[in-house]
Amino acid sequence: SQQGEEDPQALSIQEGENATMNCSYKTSINNLQWYRQNSGRGLVHLILIRSNEREKHSGRLRVTLDTSKKSSSLLITASRAADTASYFCATPPDSSYKLIFGSGTRLLVRP
Amino acid sequence: GAVVSQHPSWVICKSGTSVKIECRSLDFQATTMFWYRQFPKQSLMLMATSNEGSKATYEQGVEKDKFLINHASLTLSTLTVTSAHPEDSSFYICSAMGQGNEQFFGPGTRLTVL
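Top line first, the protein sequences correspond to chains Z and R. Here this note's numbering runs 3 ahead of the position in the first sequence, where the first position is 1. Here this note's numbering runs 7 ahead of the position in the second sequence, where the first position is 1.
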C-alpha cells in the first residue's frame with residue numbers, strides 16, 4: 004500500500020522557474036526521503052530529512068518537513084530541462100527499514 | 008561505491024513460463040534487499056523484503072508462491088516470477104540496504120509477458 008499522496012500529480016514549468024512538489028504521509032516516521040526517477044530508469048536518492056529536522060538544503064533542492072501536518076515539500080530552484088523526471092517521496096513506516104513510496108509527481112521542464 | 012545492478016535489464020517471455028531476475032550489490036554487502044514493482048505512470052509498490060539466509064517477508068496481497076525470492080549470498084537476491092501471465096508485465100526494481108540503512112536502487116528490469 005502507498006504511504007500517501009503527492010501533489011501535483013503532474014507539473015509543467017518553464018526552464019528557470021521554481022518547482023514545488025508536496026507529499027503527505029499517514030504514519031509516524033523517523034525520516035522522509037525524496038527520490039528522482041527518469042523515465043524507465045532506476046531511482047536516484049536526492050535527500051533525506053529526519054523527523055527532528057524542519058528544513059534541509061542540497062544544491063538547488065530545498066526540503067521541508069512538517070510532522071504535525073504529516074507533510075513535506077520539495078522545492079527545485081532555477082529548474083533546468085534536465086530536471087524533467089518523476090519525483091517520489093518515501094518513508095519508512097514506524098521503525099522499519101522498508102520504504103513506502105508516495106504517488107509521485109511528474110515534472111516537465113520546458114526549455 | 009554503492010552500486011546495485013539488475014539482470015536482465017529487460018525480458019520478454021511467453022505466458023506460463025518462469026522468469027528469474029537478479030539483483031546484485033557490486034561493491035558492498037547487503038543482508039537486506041527489497042523488491043518493488045512499478046506499473047506505467049504509477050509509483051513503486053513494495054513487494055517483499057529479502058533477507059540473506061532466511062525467508063523473504065512479503066507485503067500484503069503479494070503471492071509468495073508466485074514471486075519466489077532467494078537471497079543466498081550477501082551480494083545477490085533473485086526474484087523468480089513463476090507461471091508468468093500478461094498481468095505480471097511490469098517494471099521490477101530492487102534495492103540493497105547499505106551499512107547506514109540507506110537503500111541503493113538497481114536500474115530496474117522491464118518484464119513483458121506475451
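Just so you know, not all the hints are guaranteed correct.
Derived EDC-like pairs (lysine to aspartate or glutamate); straight-line CA-CA distance at most 16 Å [unchecked claim]:
id: 1; chain 1: R; residue 1: Lys27; chain 2: R; residue 2: Asp72
id: 2; chain 1: Z; residue 1: Lys101; chain 2: R; residue 2: Asp95
id: 3; chain 1: R; residue 1: Lys48; chain 2: Z; residue 2: Glu58
id: 4; chain 1: R; residue 1: Lys48; chain 2: Z; residue 2: Glu18
id: 5; chain 1: Z; residue 1: Lys72; chain 2: Z; residue 2: Glu8
id: 6; chain 1: Z; residue 1: Lys72; chain 2: Z; residue 2: Asp10
id: 7; chain 1: R; residue 1: Lys21; chain 2: R; residue 2: Glu109
id: 8; chain 1: R; residue 1: Lys48; chain 2: R; residue 2: Asp34
id: 9; chain 1: Z; residue 1: Lys73; chain 2: Z; residue 2: Asp86
id: 10; chain 1: Z; residue 1: Lys29; chain 2: Z; residue 2: Asp10
id: 11; chain 1: Z; residue 1: Lys101; chain 2: R; residue 2: Glu94
id: 12; chain 1: R; residue 1: Lys21; chain 2: R; residue 2: Asp95
These are calculated hints, taken from the structure and not from any lab test.
Hints breached by this structure: Checked against the structure, the hints that fail are numbers 2, 3, 4, 7, 8, 9 and 11, while the rest are satisfied.
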